[in-house]
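A.B. asks: Sequence:
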Amino acid sequence: MLNTILKDKSFRLSILLTTIFIGTGIVFLFFGLADYSWILFGLLPVVLGVAIGTMKVRGYALLGTVITTILLLIAIYIPGLSGVICIVMALGLIVPFIFLGYVITRLVKRYKIIKETNRFSVLVLPLIPFLIAAPTEHFLKSDKETIIEVKTEKVFNYSPIEVYDAIKSVDTLDAEKPLLLKLDLPIPTKCILEKEEVGALRTCYFRGGRLSNADFGGGTITERVTELERGKVLKMDVIDYNLIGRKWIGFKQAIYYFEPVGNNSCKLTRITTYTSVLTPRFYWEPMEKLGVSQEHDYVFNNLEKDLKMKYGR
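Everything in the sequence shown is counted per our numbering, starting at -7 for the first residue and increasing by one.
These are calculated hints, taken from the structure and not from any lab test.
A few of these clues could be false.
Straight line, CA to CA, 30 angstroms or less: simulated DSS-like cross-link-like pairs of lysine-lysine [said to hold, decoys possible]: (1) Lys160 to Lys302; (2) Lys187 to Lys239; (3) Lys136 to Lys1; (4) Lys259 to Lys187; (5) Lys224 to Lys187; (6) Lys143 to Lys244; (7) Lys239 to Lys182; (8) Lys187 to Lys300; (9) Lys174 to Lys239; (10) Lys182 to Lys146; (11) Lys133 to Lys169; (12) Lys239 to Lys302; (13) Lys300 to Lys224; (14) Lys297 to Lys227; (15) Lys259 to Lys244; (16) Lys300 to Lys133; (17) Lys48 to Lys1; (18) Lys227 to Lys244.
None of the values given here were measured: they were computed from a predicted structure.
The whole structure should be built from the sequences, with the hints applied where relevant.
C.D. replies: So this is what it looks like as structure tokens:
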């Protein structure tokens, strides 16, 4: 069976076409000629499907296309240019659009609007719309950013002052990890506040998740304190971040509100604001928010542990 597939001409040709089409998208991203948008995740796989559907002999062509697409995306994971979760999410868009382009071509073929061919020079012609649309979109895009907010609240059986003192600067974060942090998302290891005053810097350090390359999955986020009142509020603007493989996320603010509850409890509200260049938004935003909220959960789990160790209750 494997030998039959490898000898299939359409299988080998589909590998070459997929490498050229998907490889072009990766190269465009690397050189800043394309965005993480509908053009990349929709148009490019559709025109690849059109090329595969135009082939005279198809055999194992779709199999070769899907396998090659997966291998190419894995290749950008190895040097840390993307994470496992993002690759899986991208495949959830790219593979269906490849099939869509293929099916459209086969339907059009019934009306003899296009002719089947195995000529390589003809099969690469569907790439032209991407070559034009990607740079055009990139250079004409609006600079306007949409701010996305993720908020997490939790009540701790400690006073607002105790909670504030435990969260403002954390030497070691080591607690139960939510699922996405166990898999691939960067894990905060410590956050250091240099001074307890407005204008001071707070730096958070990260390491890669279980599936991440240890050398490339971490990084830092540097914040500047813009509002600080012990036991009430700690608000910071993100002034720099270096989380390898997450260039599509733009972190803006990190905010903590401490609200007294009952006699000796505190409702802690954590707010993270960010921007994202990933589209379509309906597809990417739920996973982005889930990732941020799970990072909040991890920090809260560690805070609960630290408070218990310090105050013994």
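A.B. asks: All hints, please: hold or fail.
C.D. replies: Now for the hints, and whether the structure bears them out:
About 15 angstroms separates the Cα atoms of Lys160 and Lys302, which keeps this hinted pair within 30 angstroms; it holds. Taken as a hint, the Lys187 and Lys239 pair is honoured in the structure, with Cα atoms around 29 angstroms apart against an allowance of 30 angstroms. For a cut-off of 30 angstroms, the pair hint linking Lys136 to Lys1 is broken: about 48 angstroms separates their Cα positions. Distance check on the hinted pair: Lys259 and Lys187 sit about 24 angstroms apart at the alpha-carbon level, within 30 angstroms; holds.
Pair hint Lys224 plus Lys187 holds up; C-alpha atoms about 17 angstroms apart against a cutoff of 30 angstroms. For the proposed pair Lys143 and Lys244, the alpha carbon gap of about 14 angstroms is at most 30 angstroms, so the pair holds. Distance check on the hinted pair: Lys239 and Lys182 sit about 22 angstroms apart at the alpha-carbon level, within 30 angstroms; holds. Straight-line distance between C-alpha atoms of Lys187 and Lys300 comes to about 25 angstroms, which keeps the hinted pair within the 30 angstroms bound.
Taking the CA atoms of Lys174 and Lys239, the gap is about 21 angstroms. The hint holds against a cut of 30 angstroms. The hinted pair formed by Lys182 and Lys146 meets the criterion: a straight-line CA distance of about 20 angstroms does not exceed 30 angstroms. Distance check on the hinted pair: Lys133 and Lys169 sit about 38 angstroms apart at the alpha-carbon level, beyond 30 angstroms; violated. Pair hint Lys239 plus Lys302 does not hold up; C-alpha atoms about 37 angstroms apart against a cutoff of 30 angstroms.
This hinted pair checks out: Lys300 and Lys224 have alpha carbons roughly 21 angstroms apart, not beyond 30 angstroms. Annotation: proposed proximity of Lys297 to Lys227 holds, straight-line Cα distance about 23 angstroms (limit 30 angstroms). About 23 angstroms separates the Cα atoms of Lys259 and Lys244, which keeps this hinted pair within 30 angstroms; it holds. Among the hinted pairs, Lys300 with Lys133 is inconsistent with the structure: their alpha-carbon atoms are about 50 angstroms apart, more than 30 angstroms.
Proposed proximity of Lys48 and Lys1 is supported: the alpha carbons are some 10 angstroms apart, at most 30 angstroms. Simply put, Lys227 and Lys244 have alpha-carbon atoms about 11 angstroms apart, close enough for the 30 angstroms limit, and the pair holds.
The structure fails hints 3, 11, 12 and 16 (numbered hints given earlier, in ascending order).
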